[in-house]
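Peer 1: If you read the protein sequences in the order shown, they are chains H and D.
Numbering-wise (the working numbering), the first sequence opens with residue 16 and increments by one.
Numbering-wise (the working numbering), the second sequence opens with residue 13 and increments by one.
Calculated from the structure, these hints are not laboratory results.
Treat the hints with care, as some may be off.
[Claimed, not checked] Below, a sample of chain D positions facing chain H; criterion: calculated Cβ distance under 10 Å:
{"no.": "1", "residue": "Ser24"}
{"no.": "2", "residue": "His43"}
{"no.": "3", "residue": "Pro53"}
{"no.": "4", "residue": "Ser64"}
{"no.": "5", "residue": "Asp126"}
{"no.": "6", "residue": "Pro323"}
[Said to hold, decoys possible] Some residues of chain H that are not near chain D, with every Cβ distance over 12 Å (derived):
{"no.": "7", "residue": "Asp215"}
{"no.": "8", "residue": "Leu218"}
{"no.": "9", "residue": "Gly220"}
{"no.": "10", "residue": "Glu224"}
{"no.": "11", "residue": "Pro261"}
{"no.": "12", "residue": "Phe265"}
{"no.": "13", "residue": "Cys301"}
{"no.": "14", "residue": "Pro316"}
{"no.": "15", "residue": "Arg345"}
{"no.": "16", "residue": "Glu350"}
{"no.": "17", "residue": "Lys380"}
{"no.": "18", "residue": "Pro388"}
{"no.": "19", "residue": "Asn439"}
{"no.": "20", "residue": "Cys465"}
{"no.": "21", "residue": "Ala492"}
{"no.": "22", "residue": "Arg509"}
Note that the structure is predicted; figures quoted are calculated from it, not measured.
Ideal placement from N, C-alpha and C gives every residue a C-beta, glycine not left out.
This is what each chain is made of:
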Amino acid sequence: MGPFDPSAAAAAAAAAAAAASSSSSSSCSGGSAPKRHHHHHHHHPPPDLDGLLAGAGYKVRSSELHHVAQRLERLETALVNSAAHIPHLASDAVHYNPSDLASWVDSMLSELPSSSFSSPCLPSGFPDPYSPAAAALGGGWVDHPSCSPHPQPHQNVVVPQQPQPQQQQQLTVVTALEEDSGIQLVHALMTCAESVQRGDASLAGSLVEEMRALLTRVDTSRGIGKVAGYFIDALGRRLLGLGSAPASAFENEVLYHHFYEACPYLKFAHFTANQAILEAFDGHDCVHVIDFNLMHGLQWPALIQALALRPRGPPLLRLTGIGPPSPDGRDVLREIGLRLAELARSVNVRFAFRGVAASRLEDVKPWMLQVSPKEAVAVNSIMQLHRLLGSDPPRDPPIGSVLPWIRSLNPKIMTVAEQEANHNRPGFLDRFTEALYYYSTLFDSLEAACPVQPDKALAEMYLQREICNIVGCEGAARVERHEPLDRWRARLGRAGFRPLHLGSNAFKQASMLLTLFSTEGYSVEENEGCLTLCWHSRPLIAASAWQAAPTVVNSPAGVINHDDNNNQLSCSPVPMLSIETDIPSSIQ
Amino acid sequence: MVVPLNMWVLISNFKLKYNLLRRPDGTFDRHLAEFLDRKVPANANPVDGIFSFDVIIDRTMNLLCRIYRPAFTEEPQPSLIDLEKPVDAEFVPVIVFFHGGSFAHSSANSAIYDTLCRRLVGICKAIVVSVNYRRAPENRYPCAYDDGWLALKWVSSRSWLQSKIDSKVHIFLAGDSSGGNIVHSVALRAAEAEIEVSGNILLNPMFGGEERTESEKKLDGKYFVGIRERDWYWRAFLPEGENRDHPACNPFGPRGKSLEGIKFPKSLVVVAGLDLIQDWQLAYAKGLEKAGQEVKLLFLEQATIGFYLLPNNNHFYTVMNEISSFVNPNGK
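Just chain H, same shape as in the assembly:
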């Protein structure tokens, strides 16, 4: 029961041509007879949106306003006729992408039995001509084509504007009460960053000294004082040409683990991705998850358990975990795989694990993953894609080769979680400013939400490494190249992916997950089909889901063929190199 119906792919014929427009597929699933309704906007050129509604957060084409208005009226009539529809729409139906008002309204209409609405001007079975519905619809107080014999709609003459491409210039700041010396510190940091950008190393260096002195007068246990220390160090390191401190894989794992425990960000990402993967795997008996960064495999026990509880029984689950090679003879990937296999066995899920050891994601080749044409593939990338955006010129960033091979696997779903921040801007000062505000919000949340040591201190070290990398490194060494959702949307769209919208059910469950953290301040927000985790109104992590958009192949007869699972996969079984580890399936 996924949010997407492959049979509606016909409408996607123009999807390839409209890479920039947002696909708006929505469906409501629920009730005893689950229906899927899709309303695609793929086949139009870049949309001509009503600028005023865009300011209110709704994307509606001016040319569609009448259509939307009519549908709203029909829905209104239906709800007036039978109030029983309301709880159904509210609790049973799943809502998607409310910004796409046309789709949202249509999907609700499709949820209702078609007998519940008739001509909007003459609600049937309504004896009273002065009933509220009749008055609202037929009162003539809005010039409306469906109600007046000669439609003369009053169209406002405001020229619809494209919504401004503001996202790339967005800088969100959430502050708590600041003392004056905190503000002085921010000033000094900015001035220092600006002098770094100008290449004035000596001024920058003396500012670093000044700031170290300022730090002693500021409360470094919270707020800007805490995060400033890390930025000052990072600037110092940059000036000395030190870049990031080299870290062992082991250290990385320890810090990661504590970051996982200390705050909900990774849990939110895992949880949301698992929900989407579960839905995408519905109806499939052979499924294969490819995890771009296995670490301790913390994401997977929950998925394994959820699959075990599937009404028609669990599928055969293959998990391919990618991770760095282990030093000193250990095989960490295999160890994690064994643990997960043990768990799977205990809940009767047939399970096979393969580890792929690679120091960089771009070293992985699709044939190493041994994807079989019969299985449904989920590619899972938690905070990994941004690492592919950097390179030492004249080489191109590896993302350009990785996204195509992911696409070539024709995954049923690709789940992506990324930091919602713009830390990849070319200007150093811009990057620095964004990072300063992003990490001060993040540290703020750690402070409030996790008083437990040593989790908190180690979690902070985890973040400190990111700061050092953003501030101190360049080229291929700078891997923490976070970019915001809009840029990922555009990039993934160009690479042949289309969004799978996360709906109100996923939103609700993610919100409920947050209530496990006793601190108030966390919230989930919906952003055109994606979910973001926020600390006090500032989005910090964005979770999204994607699917390979079908490509169009014109046969000589002019018939349009669609990609499905049988074509285009580069997954012929090839004898593997010794880098993989095979865990024997629990049941063959």
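Once you have looked at the hints, place chain D on chain H.
Peer 2: Coordinates of chain D only, in the frame set by chain H:
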């Protein structure tokens, strides 16, 4: 009388949305509400000459305000940003804004209110502080008022908000729907505590009472709003067991308090002629007048609720100009 099509779509959409969220048992589907609400983050980079940032003004209450300011003229590129830089003008009105939503809906970061606050900054040359107060039914009376009071105290104690002419913060309270109702209560408390508020702006303020007025009977269900929902929201906000003659709902009703002799700010009350609760709003204005308080009533005969959310109608500009004159010292 004609409503622009996109406004009709916007308000109908809200009405539909709201219908899905209110449950007959008095509970509210908060998760679906938050999912459906269109929100925007603050933006410290100026857009159309205005930037915004969020401040947690009280940690223990987790009370957030979004502050909107005109961009600094000397630094068009805000790389050296000083969010709380002292105000540079002789006189700057500071508008403490309470968004609407009948006490249950919306937030300071809702797109419609972010847009409205930005327009207020531009038109009134003011700084706007939008308060993210706690909502019903999870937080009933007096939570929203307490949060409003906290925000007022915070604003009045910010030295960076002082106008240069007299080193004082010139505060105006403004709000629409439930926000207008909050304005009244906070102003009352300010008067009692002798914190000076320069003026109140109430846009389609939410008031009511046990009695069914003519406008309620005549306009029930006609223009997006019905009596039964209004009742629902009062039941959700007022203390359990209370009725609509509670002074929070009906300040000049049988249980209301006299404002005579109180140093209450001057008020601008805007009433839409197609709003079913207009009789209560008109009674409010009258009540202020009878108590000897300064009040200006702006009655817009053909306006519906929410007319101020989009700037494509005359009412919008009429009201914005009135507000601008109201908050700037040369106008009255």
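Peer 1: Please go over all the hints and tell whether each is borne out by the structure.
Peer 2: Here is how each hint holds up against the structure:
1. Ser24: This interface hint holds because 5 Å falls under the 10 Å limit.
2. His43: Holds. Min distance 4 Å.
3. Pro53: 4 Å, holds
4. Ser64: 9 Å, holds
5. Asp126: Holds. Min distance 9 Å.
6. Pro323: 7 Å, holds
7. Asp215: Label holds. Min Cβ-Cβ 15 Å, cutoff 12 Å.
8. Leu218: 15 Å, holds
9. Gly220: Nearest chain D Cβ is 20 Å from Gly220(H), so the label holds.
10. Glu224: Holds, because the least Cβ-Cβ distance between Glu224(H) and chain D comes to about 20 Å, which exceeds 12 Å.
11. Pro261: For Pro261(H), whose nearest Cβ neighbour in chain D is about 32 Å away, the distance exceeds 12 Å, so it holds.
12. Phe265: At about 37 Å from chain D, Phe265(H) clears the 12 Å cut-off, so the statement holds.
13. Cys301: It holds; Cys301(H) is separated from chain D by about 33 Å at its closest Cβ, greater than 12 Å.
14. Pro316: Fine: 26 Å to the nearest Cβ keeps Pro316(H) off the interface.
15. Arg345: 44 Å, holds
16. Glu350: 39 Å, holds
17. Lys380: Lys380(H) is indeed farther than 12 Å from all Cβ atoms of chain D, at 39 Å.
18. Pro388: Consistent with the label, Pro388(H) stays out of reach of chain D, its closest Cβ about 37 Å off (over 12 Å).
19. Asn439: Check passes; 16 Å lies beyond 12 Å.
20. Cys465: 15 Å, holds
21. Ala492: 25 Å, holds
22. Arg509: 25 Å, holds
Consistency note: the structure conflicts with none of the earlier hints.
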